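> Produce the entire structure from the sequences given, and follow the hints as far as they go.
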Amino acid sequence: MKAVSVEEAVAMIPDGASVMVGGFMGVGTPERLLDEVVRQKKGNLTVICNDAATPGKGVGKLFDATLVSRLTATHIGLNPKAQQQMLANRIAVDLIPQGTFAERIRAGGCGLGGVLTPTGVGTLVAEGKRQIEVDGKPYLLETALRAQFALVHAFLADYLGNLAYALTSRNFNPVMAMAADTVIVTAEHIVPVGVIAPDHVMTPAPLVDYIITNSNG
Amino acid sequence: MKAVSVEEAVAMIPDGASVMVGGFMGVGTPERLLDEVVRQKKGNLTVICNDAATPGKGVGKLFDATLVSRLTATHIGLNPKAQQQMLANRIAVDLIPQGTFAERIRAGGCGLGGVLTPTGVGTLVAEGKRQIEVDGKPYLLETALRAQFALVHAFLADYLGNLAYALTSRNFNPVMAMAADTVIVTAEHIVPVGVIAPDHVMTPAPLVDYIITNSNG
Amino acid sequence: MDAQEIIARRVAQELRAGNLVNLGIGIPTLVANYVSPDLKVFFQSENGLIGTGPIPEQGMEHPLLTDAGGRPISALPGACTFDSAMSFGLIRAGHVDVTVLGGLQVDAHGLLANWMIPGKMVPGMGGAMDLVSGAKRVIVAMQHAAKGKSKIVKKCSLPLTSARPIDLVVTDLAVIGFPDGKGTLLETAPGVSVGEVMAVTEAELVVPDKVPEMKL
Amino acid sequence: MDAQEIIARRVAQELRAGNLVNLGIGIPTLVANYVSPDLKVFFQSENGLIGTGPIPEQGMEHPLLTDAGGRPISALPGACTFDSAMSFGLIRAGHVDVTVLGGLQVDAHGLLANWMIPGKMVPGMGGAMDLVSGAKRVIVAMQHAAKGKSKIVKKCSLPLTSARPIDLVVTDLAVIGFPDGKGTLLETAPGVSVGEVMAVTEAELVVPDKVPEMKL
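Residue numbers (the numbering used here), protein chains in the order written: chain X, 1 to 217; chain C, 1001 to 1217; chain L, 2001 to 2216; chain R, 3001 to 3216.
Honestly, I wouldn't trust all of these hints.
25 angstroms max Cα-Cα, derived SDA-like pairs, lysine to any residue [claimed, not checked]: (1) Lys3040(R) - Asp199(X); (2) Lys2154(L) - Lys129(X); (3) Lys3154(R) - Val1121(C); (4) Lys1137(C) - Cys3156(R); (5) Lys42(X) - Ala92(X); (6) Lys57(X) - Gly43(X); (7) Lys2040(L) - Val1193(C); (8) Lys2120(L) - Arg70(X); (9) Lys1002(C) - Val1191(C); (10) Lys1042(C) - Asp1094(C); (11) Lys57(X) - Asp199(X); (12) Lys3182(R) - Ala3199(R); (13) Lys81(X) - Arg2071(L); (14) Lys1137(C) - His3109(R); (15) Lys1061(C) - Gly3070(R).
Counterexamples of contact, computed for chain L against chain X with all Cβ distances above 12 angstroms [said to hold, decoys possible]: (16) Leu2039; (17) Gly2148; (18) Ser2150.
No wet-lab data here; the hints were simulated from the structure. Note that the coordinates shown come from a computational prediction; the quantities given were computed from them, not determined experimentally. No residue lacks a Cβ here, since even glycine has one placed at the ideal position from N, Cα and C.
In structure tokens:
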């Protein structure tokens, strides 16, 4: 783990990068990193995030600034700007079931090629996917999903990189922290090593590449 | 969740049942439940456990009492009694890679039909299994594993059934607590509801069917 | 009693002690208002919480404790949190005993459409497909008809949410179940006759000789 | 310096600052003794711990803090624990930077056999197959020969642990790598000549003009 400024961290992300962003309706999203992505005008991004949040909040800021060219999400129903950009064909949007979204990212982070899920069998979601039977029951093969960067927000981080999340801000952060080449973290509080009890660490230190230290939150 | 005595709990397990047992070399194994299984002479069991532990410890006790007829595990190298019973064809043993063992149980507990793993491709482990390519890379299809009963050992349990595990006694307990029809738990300490912080619960209460209350540990 | 209250009260009666329950947005959310705390039902919020409590008093909200819509909620004693992979593991494997969801159409065999209307903006299915495929019991809570058109249809014209039939529909007019896969009128709303229900129902339903009235 | 110390010291030189490392039983376990704490290497124990520390002082052991053999260990400040699904997620996806394992045979292309001998009791592969398939870098630490027979073979006669070749073998006589998939003699042990190594090596190895001696 390396401590860096938010400016340095975001400077590493090239235009056109694939970026996983933690959070659920903007809760548990690294706002400071997104603000800086907007400030540095990183464009043409492939964003992987549960939802499009709302304008002005979470990944919603990236749609406000029209920085997104592709989006993989489970719903965008509460962000009219993302919807407009989708309808205008300015964003290619791939909408997938939320459980499948979670498992595909987990598979990417755990070295699995994919998982077999019953979700989506017999629906539009099955189109173009392999259907595989196990014990006579049909499943869809859903393949692993990874990204170049994961932007993660933790509640506590220590100086080794161990992370703990609070309440419903955990959501997709732990699985994304395993599924990207480079993991960049903001935390509400950065604490000395040993303050987070071993049993309470949710993301082990070796998974984290960079922690933003020039400002919390 | 229902609080029961260890005698009542084990009485529910019929001869010939399939039983997942938490623990890794006997660490994190519900010893009191196994002692009672031996006392009630539940026989012909299908045991699913990471290893055969050692004689006198953990699931080792079930081999001491020759109660096991089938075993799915990752290694039995430190239990000569289990080995003897395997060589004498008194136990059918299915040895599988440890990561595959964990994922098959997790799949069983998470409603997945199976997972694609690179582990075992091109080895004896691949025999009789479907090999599936994703993006040109070969994977083995490893199917979900479930049992009738899971015997789980926690560090803390509350009176709703929320569980927390300590240090290396966590191991397979959380995934097994999701993958069985009936989940029976022993805990080192049973605490009032609210004592385990929401973020520190590792097995949510609704997964637990029975907690043994007539003696801790 | 308005239509929504009828539906929510009737659905609440389906919940059993200790059930793990996931409520969708809209009418389903109202169900919690009619469940006695003594029943010790666990409510799951799929963004990562079991043990959701009422909306917090003003000033007691916390930005990191929210429902699936991002609105502040509270957590009851004994609540627990988890990540999204765990949350949908609970849903997909049937650890969630009951899910209550809204619907656009339910057909005569219990197939549900509730996530998209072709030609209109598709907001995404969120967790709906996993909930319908995985929860042990799926209850649809919806108005019987919309703009004068029956939502209980012969065959869904809208894209299905799952190939798995649901278990029960509760509307402002009726309770419909699917024994042996056949839509069956189980109850009528207070003061509503069987004939009145069938008059606004497109699907052919099995109608038993005696159809009791909902007890609310 | 005995054979095991030569191997362990040389393997230790392969570990980099901040690496997440999994050590197998036997000689691999000794590697930790030769790694400076300043390097801040993370050691994983696959039963659910990152940050394993030395064997605790007598009386300071705890039955719930053990290594993969069930023996008491300690946890360093900043250690963390997790379940087995997470543990092998870390291993399978290459989050584990280096694994050091024992071996029965390594062939000329880097394929490893280390989990069973047909006709003998099969104890099970434990985590070995996942480690060899998944860790970012796989180092085999073993004696060069056993009972006078080379363990560096033309082709493994024993069942393979993985179809994925390993990256490096360190023996009491040599360091062998596999650039372009060809077994290549990279270093010899102190006081051992290239000829002496090749005399006890069954596999044909690429031998560069200059083969340096291990610096221990």
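> If a hint holds in the structure, say so; if it does not, say that too.
Verification of the hints:
no.	hint	verdict
1	Lys3040(R) - Asp199(X)	holds, 20 angstroms
2	Lys2154(L) - Lys129(X)	violated, 29 angstroms
3	Lys3154(R) - Val1121(C)	holds, 21 angstroms
4	Lys1137(C) - Cys3156(R)	holds, 23 angstroms
5	Lys42(X) - Ala92(X)	holds, 17 angstroms
6	Lys57(X) - Gly43(X)	holds, 18 angstroms
7	Lys2040(L) - Val1193(C)	holds, 13 angstroms
8	Lys2120(L) - Arg70(X)	holds, 20 angstroms
9	Lys1002(C) - Val1191(C)	holds, 15 angstroms
10	Lys1042(C) - Asp1094(C)	holds, 21 angstroms
11	Lys57(X) - Asp199(X)	violated, 32 angstroms
12	Lys3182(R) - Ala3199(R)	holds, 18 angstroms
13	Lys81(X) - Arg2071(L)	holds, 20 angstroms
14	Lys1137(C) - His3109(R)	holds, 20 angstroms
15	Lys1061(C) - Gly3070(R)	holds, 16 angstroms
16	Leu2039	holds, 24 angstroms
17	Gly2148	holds, 26 angstroms
18	Ser2150	holds, 22 angstroms
Hint compliance for this structure: hints 2, 11 are not met, and every other hint is.
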